[in-house]
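Visitor: Listed below, chain by chain, are the residues.
Number of protein chains: 2
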Amino acid sequence: LIERLTVSVDGMGGDNAPEMVVAGLARASQKLEGVDFLLFGDVEVLDPLVASHGGLGSFCTIRHSPDIITNDMKPTSALRSGRESSMYKAISAVAEGEAQAMISAGNTGALMAIATIVLRTIPGISRPAIAKCFPTQRGESVMLDLGANVECDADNLVQFAVMGEAYARNIIGLKQPTVGVLNIGVEDLKGRSSVREAASILQTIDLPIKFAGFVEGDDLAKGTVDVIVTDGFTGNIALKTAEGTAKLFVHFLRQALTASPMTKLGAMLLKPALKKFSRQFDPRTYDGAMLVGLNGVCIKAHGGTDALGFSNALGVAVDLVRGNFNDRIKEDLASLVSAPVEPKAAAVR
Amino acid sequence: LIERLTVSVDGMGGDNAPEMVVAGLARASQKLEGVDFLLFGDVEVLDPLVASHGGLGSFCTIRHSPDIITNDMKPTSALRSGRESSMYKAISAVAEGEAQAMISAGNTGALMAIATIVLRTIPGISRPAIAKCFPTQRGESVMLDLGANVECDADNLVQFAVMGEAYARNIIGLKQPTVGVLNIGVEDLKGRSSVREAASILQTIDLPIKFAGFVEGDDLAKGTVDVIVTDGFTGNIALKTAEGTAKLFVHFLRQALTASPMTKLGAMLLKPALKKFSRQFDPRTYDGAMLVGLNGVCIKAHGGTDALGFSNALGVAVDLVRGNFNDRIKEDLASLVSAPVEPKAAAVR
Chain A
1 LIERLTVSVD GMGGDNAPEM VVAGLARASQ KLEGVDFLLF GDVEVLDPLV
51 ASHGGLGSFC TIRHSPDIIT NDMKPTSALR SGRESSMYKA ISAVAEGEAQ
101 AMISAGNTGA LMAIATIVLR TIPGISRPAI AKCFPTQRGE SVMLDLGANV
151 ECDADNLVQF AVMGEAYARN IIGLKQPTVG VLNIGVEDLK GRSSVREAAS
201 ILQTIDLPIK FAGFVEGDDL AKGTVDVIVT DGFTGNIALK TAEGTAKLFV
251 HFLRQALTAS PMTKLGAMLL KPALKKFSRQ FDPRTYDGAM LVGLNGVCIK
301 AHGGTDALGF SNALGVAVDL VRGNFNDRIK EDLASLVSAP VEPKAAAVR
Chain B
1001 LIERLTVSVD GMGGDNAPEM VVAGLARASQ KLEGVDFLLF GDVEVLDPLV
1051 ASHGGLGSFC TIRHSPDIIT NDMKPTSALR SGRESSMYKA ISAVAEGEAQ
1101 AMISAGNTGA LMAIATIVLR TIPGISRPAI AKCFPTQRGE SVMLDLGANV
1151 ECDADNLVQF AVMGEAYARN IIGLKQPTVG VLNIGVEDLK GRSSVREAAS
1201 ILQTIDLPIK FAGFVEGDDL AKGTVDVIVT DGFTGNIALK TAEGTAKLFV
1251 HFLRQALTAS PMTKLGAMLL KPALKKFSRQ FDPRTYDGAM LVGLNGVCIK
1301 AHGGTDALGF SNALGVAVDL VRGNFNDRIK EDLASLVSAP VEPKAAAVR
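As you go down the protein sequences, you meet chains A and B in turn.
Quick note: the first sequence uses our numbering, first residue 1, plus one each step.
Quick note: the second sequence uses our numbering, first residue 1001, plus one each step.
Take these hints with a grain of salt, some might be off.
[As the list claims (entries may be wrong)] Within a straight-line C-alpha distance of at most 25 Å, the following computed SDA-like cross-link-like pairs (lysine to any residue) qualify:
1. A:Lys275 - B:Pro1261
2. A:Lys31 - A:Lys74
3. B:Lys1031 - B:Thr1070
4. B:Lys1275 - A:Met268
5. A:Lys247 - B:Ser1200
6. A:Lys330 - A:Glu197
7. B:Lys1264 - A:Met268
8. A:Lys222 - B:Arg1254
9. B:Lys1264 - B:Leu1253
10. B:Lys1074 - A:Lys330
11. A:Lys74 - B:Glu1197
12. A:Lys74 - B:Lys1190
13. A:Lys264 - B:Glu1197
14. B:Lys1190 - B:Gly1213
15. B:Lys1222 - A:Arg279
16. B:Lys1247 - A:Lys74
17. A:Lys271 - B:Pro1272
18. A:Lys74 - B:Arg1254
19. B:Lys1247 - A:Ala273
20. B:Lys1247 - B:Lys1074
21. A:Lys222 - B:Gly1055
Think of the hints as simulated: they come from the structure by calculation, not from any bench.
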């Protein structure tokens, strides 16, 4: 028997909210077992929407919140004036124990700011980070930070390694994920001092982490390691570069497939295979970034997502709660603090 | 009538040297008009190789240099003990006016170190950078720095903008290239202080540059701007991430095309279209990174390149010499120094 859990939902966040959010909940309620939703937003708008998805009503409680945090709102003003917003209230529901996780497709900066103030960081974590999975040649990897911290020192990166490793176990389901630090070369002497120092700490400290040393940009797609650790500036640019390149490829492939009657015929024969292929690269399959390092599971769905992407992001929230993600991080951090710094065997790579 | 020019060539640099280098020269000599080669390396090895490519001999002079700078050599030791190497001598030929450009597929760090010492930076440029073109949805863009400078301040980035703009005019052939600074958001308040400061200088200074503000990772593939300015850490990782993603895509596409007899038939019908498609993404088409900011044209071909890639990189060298690339940068820098800092009209973007 699966224990029931509750996810609090920002009903008004995202380009296609609230319709997309409610449709996503309906889709998720058919797929996920034992999950209830606490849906925050304008009750007059949400009520008929929930009613229109038969059956959703029994898993979904609507809570009125009059305000909306828009995409162009600055984090500081969201913090100051957002207390009656659907986002703020959905986060507070986790802090108050009403929900075990929250999800929003709204303003990332505001979500980060409010969640950090309301949920606070886990003891031992100085800054939360944004983590997300992406497709690789070997399957799936997770990268962090993806934009929460523009500058990171070695200690931040080591904490990201601990959190990323726990994330890979919970979400990708790997027993012993490998961890790499993103750099511009695999030699020990290359790169910024922060990444060199982080690597040397990860190499010497006695943590239950399989540290594989440095990885480079092309290792992301190869899936050389399961967890890629980097600062938020580099991680954000690397992920968006990869997503952009994949889109460009699809664009050129479409051109090639529709160039002539003969290529169109060829494309027809390839349809099922290409469908599977494009699903592998569909960003909706990988929707759901987590704000890791906070006392509570807090998931950011893509701002432009649809019901399918939103329901996948909800699945990430549920997996993290059921895998006791935050407890596992706390255990690792405890061993990080108590660990005697003595050389480990050589790096895996 | 085209004026003859000479390119000095490191005959021993690169994974497939010297065979690949000589084959690349042979290919280039059939394509490029009025270009002579000064080929440095082991004369006993190079002599028969050049002789085996009929006709190359009349465009190619071999100069003996006994030493080779290997890929695992550190820049400092290459500088100290590399004076009799093919790389060092090919660079010196440019400094001494024997050649107008040099090319090597060897050790990047060593090339950077030796070229900086031997050729020196252009007055007004504090650090050289590595620049390279890549394919986009709109055609081609150039990005710099790609790894020469791990940390960059605002002044470095502004100088990169000047050099990148001149590069785009010379190599892509654009009349008025647009320039963007890579960041994690397009809003003025986002990102590192160095990129914010660089953008504000580029926005206010009176330079003949079409500055388009900030761009993000996915703008690389879109081709939103013609010149992407960034530090060497981020640029290196972004370019390798894009290349890796393209390779992953090819891998999955090949899987899809060979999945069944029916897909194989479809793939056969698509063959010519897919060939054109894969040429668009062939890294050899874009081989030839330039060390910009030095008194002399210095081109780095990919370490693992072949004759086709090497001859394309040679074409980049020739285009930069014929376009008076360095003179144009000096002019821009002169106007940068004398320019009164007064607000320009709003950014293009």
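Visitor: Are the Cα atoms of Lys271 of chain A and Pro1272 of chain B separated by 25 Å or less?
Guide: Holds, at about 18 Å.
Visitor: Hint check: Lys31 of chain A vs Lys74 of chain A, CA-CA at most 25 Å. Holds or violated?
Guide: Judged against 25 Å, a Cα distance of about 35 Å means the pair is violated.
Visitor: Has the given pair, Lys1190 of chain B with Gly1213 of chain B, been kept, meaning a C-alpha gap of at most 25 Å?
Guide: Judged against 25 Å, a Cα distance of about 12 Å means the pair holds.
Visitor: Checking one constraint from the list: CA of Lys1275 of chain B to CA of Met268 of chain A, max 25 Å. Satisfied?
Guide: Holds, at about 18 Å.
Visitor: Quick one, are Lys1247 of chain B and Lys74 of chain A close enough, alpha carbons at most 25 Å?
Guide: With Cα atoms ~38 Å apart, Lys1247 of chain B and Lys74 of chain A exceed 25 Å; violated.
Visitor: Taking only the CA atoms, is the gap from Lys1247 of chain B to Ala273 of chain A under or equal to 25 Å?
Guide: Distance ~18 Å between Lys1247 of chain B and Ala273 of chain A Cα, so the pair holds.
Visitor: Between Lys74 of chain A and Arg1254 of chain B, is the straight-line Cα distance small enough, at 25 Å or below?
Guide: violated, 45 Å
Visitor: Need the status of pair Lys1247 of chain B, Lys1074 of chain B: alpha-carbon distance at most 25 Å?
Guide: violated, 29 Å
Visitor: Could you grab the alpha-carbon distance between Lys222 of chain A and Arg1254 of chain B and see if it respects the 25 Å cut-off?
Guide: holds, 15 Å
Visitor: Is Lys1264 of chain B within 25 Å of Met268 of chain A, Cα to Cα?
Guide: holds, 12 Å
Visitor: Is the hinted pair Lys1264 of chain B and Leu1253 of chain B satisfied, with a Cα-Cα distance of at most 25 Å?
Guide: holds, 12 Å
Visitor: Is it true that the CA of Lys1031 of chain B sits at most 25 Å from the CA of Thr1070 of chain B?
Guide: violated, 30 Å
Going down the numbered hints, you'll see the structure goes against 2, 3, 5, 10, 13, 16, 18, 20 and 21, while the others check out.
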